[in-house]
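Colleague: Kindly produce the complete structure, drawing on both the sequences and the hints.
Protein chains in written order, with the numbering used here: chain D, 1 to 178; chain Y, 1001 to 1355.
Treat the hints with care, since some could be wrong.
What the hints assert, rightly or not - Label pairs and their in silico Cβ distance ranges: (1) 1046(Y) x 81(D): 44 to 50 Å; (2) 1089(Y) x 17(D): 44 to 50 Å; (3) 145(D) x 1089(Y): 42 to 48 Å; (4) 56(D) x 1150(Y): 43 to 49 Å; (5) 1279(Y) x 47(D): 32 to 38 Å; (6) 1123(Y) x 85(D): 41 to 47 Å.
Unchecked claim - Chain D regions said to be covered by chain Y (calculated; three or more residues, Cβ under 8 Å): (7) 46-53; (8) 128-134.
These aren't lab readings, by the way, just hints derived from the structure by calculation.
As the structure is a computational prediction, the values presented were derived from the model and not from experiment.
Glycine is no exception: its CB is placed at the ideal position from the N, C-alpha and C atoms.
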Amino acid sequence: MSQPTTYSLSARIMHWGMAFLLFSMLFAGLAMVQSLQPWHLTLLGLHKSFGVIALIAVIVRLVIRLRTTTPALPDSIPALQKRIAHASHWLLYAAMFAMPLSGYFMQNAAGRPVAVFDLFTLPAIMPVSLPLYGFFREVHALVAWALIALVLVHIAAALHHGLVKRDGVLQSMTGRKK
Amino acid sequence: MSKKTPSALPLRYAIIIGAVGGLGALVFAVAGGLGQSSVTAQDFVNLQEGGNPHLGFRRAHAKGFCVAGEFVSNGSLQPYSIAPQFTATSTPFVGRISIAGGNPTAPDLNAPVRSLALSFGEGSSRWLTAMNTPPVMAVGTPEAFYQQIQALSPDPETGERNPERISAFFAAHPETQTFRNWQAGYTPSSSFASEIYHSINAFYLINENGDRQAVRWAAMPTVSNGETLDAANANALQDEFFARVEAQPVAFDLTFTFANDSDDETNPTVLWPSTRRNMIAGQIVVHQAMPESEGNCNEINFDPLVLPKGMAATADPILRARSAAYAESYRRRAREHFLNSSLQPSPQKESENNQ
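Modeller: This is the structure we're talking about:
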C-alpha cells in the first residue's frame, strides 16, 4: 500500500479545529489572568469548559493519528530535519496534553470546581495544597509559552515548505485540489 | 509543481516573517496588557506588596488564623435558593479570621478592617465567602479602588499617610460618603466574636424556578464585647478568640437582606434602606480555632465568585474584579510555597526566624 500524500480528512479537521481552539484558549488565558473587568468570570468559565473539550479533542486526535497512515515527508528533506520535524510534532502533542491536564490539576489543588458549561462538575482527584497549586499553576503558564513557541516554529516551517520549498508538505495538511 | 521564480523569493520570505512575527508580536502584546484597562490584577497585587512582599503570605489580609465549625441552616432560604447549604441541615465549614493589610505580624488592634472568610461544600456546591467589617465599599470600580489604596498608602519618603492626598481622593469621589459615614460611627469591638461581617457586594439567590433575588448577607454576632484587651499584645484579638472558642462555640447569625426593585445590586457603595426584608438563614457556629500552620485554611483562596448552584454573581464591577486579583495573590504565594517548602504560614514562626 502506498503512503498517502495528504493527512486523512479526520486528521485535517482535528488539526484546523484545534488550531482555532488553542489560539482562542491561549489568548483568553493571557488576557484573563490580568483582567479586572466584569467579563473575567464568564471567560474563566468558558476557558475551563473548553479546556475539557481540548483534552477530549487531543485524545481523539491522538487515536486518529495512531490509526491512520500519515503522509511521508519528501525525500528532498535531510534525515536529521525529518527527525526534528517528527520530534516537534510529538512535543506539540505533549504540550496539548499538558495544557488541559495542568489546568485541571491546578484547579484541583486549589480546591476549585471545574464545571463544564454548567452541565457537570469534574471530580477532584488530588488534595488541596498550596505547593501543589504553585507547581501546576506555573506548569500551566510555562507550557503555554512553550506551546506558543512551538506553534510559531510550526507555522514558520509550514509556510517555508509551502511558499519557498513548495514540496507539498504544507498541502498534506491543507488538502490538495483533486 | 510550478517552477521556482528566484525573484519572488524575498517576497515569500517576507510573508513568512511577517505572518510569524506578527502573530508572535500579538501574543506578546496581549501578554503585556494589550486590550486591558488601566489597572490589572498584577498592578493591584504589586500595589498591595508595596515592593516588599512577605513571602508565602496572602498579599491582602496576611495575618489571620483558621477556624472550623458548621453552618446550621434553618431552611428559611430554601424557597429562594437551591444551594444545598440552605436546606434545613448542617454543613461543615473551614474558615479564616483575619485583619486587613499585607503584614503578617501587624498588631491586631491597629487594623482598620477585620474579616471572616468561610468555605463550605464541595464540587458544584462549593461556596466561598469573604466578609469584612464595613457594610459597603468606598468606591464602585476597580480603577477607583486602586486610587483609593494609593491615596491611603503611606508616602514612601515620609512613611506617613498624606492627609492632603486622602482628602483630595475623597473629594473627587463623592460615592465614598456612605463608607465614610460608617467609618465615623464604627467602634472596633474587643473581640472577633462580637463584630459584624458583611458580604459587601450583592449576589443573587436562584430558586428551582430560576427566579433571581438580589441579596447581601452579614454574619451578626450573638455575643457582646469581652473584657478590655491588652493593647501591647500584637495578637490580642487572636488570643482572645482562641480562649473564647476553647471555652464554648462562637456563633453568628447569617442574616440575608433582600433587595427591592429600586435597589441597584451592582453598586457596592450604596447601603440598602433598613426597611428591606431581613431573613436569618441559620447560624455559623465556630467550634475550633487554630494557627494557620495547624489548620487547613491557608491553602484556600477565598474567592467570593466561587458560588454553589443556586447562587450567582451580580454584575457589580468590584465583585467581578475580586476573582482575578485574588488569583494573582494566590498564584504568587503558592509559587513561593512550591519553591521554598520551609515557608510557614504562621506569623509567629516568621518572627522567630527573624530573630
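Colleague: Looking only at beta-carbon atoms, does the pair residue 145(D), residue 1089(Y) fall within the given range of 42 to 48 Å?
Modeller: 46 Å Cβ-Cβ, so the 42 to 48 Å window holds.
Colleague: State, for the Cβ atoms of residue 1279(Y) and residue 47(D), whether the hinted interval 32 to 38 Å holds or is violated.
Modeller: For residue 1279(Y) and residue 47(D) the Cβ distance comes to about 36 Å; the hint holds.
Colleague: Please verify the coverage claim for the region 46-53 of chain D: does it have three or more residues whose C-beta sits within 8 Å of some C-beta in chain Y?
Modeller: violated (count 0)
Colleague: Are residue 1046(Y) and residue 81(D) spaced within 44 to 50 Å by their CB atoms?
Modeller: 45 Å, holds
Colleague: For the region 128-134 of chain D, do at least 3 residues have a Cβ located nearer than 8 Å to some Cβ of chain Y?
Modeller: Since 7 is at least three, the answer is holds.
Colleague: Range hint 43 to 49 Å: satisfied by the CB atoms of residue 56(D) and residue 1150(Y)?
Modeller: With Cβ atoms ~46 Å apart, the hint holds.
Colleague: Evaluate the given range 41 to 47 Å for the C-beta pair formed by residue 1123(Y) and residue 85(D).
Modeller: 43 Å Cβ-Cβ, so the 41 to 47 Å window holds.
Colleague: Taking the CB of residue 1089(Y) and the CB of residue 17(D), does the distance hold inside 44 to 50 Å?
Modeller: 45 Å, holds
Of the numbered hints given earlier, the model fails hint 7 alone.
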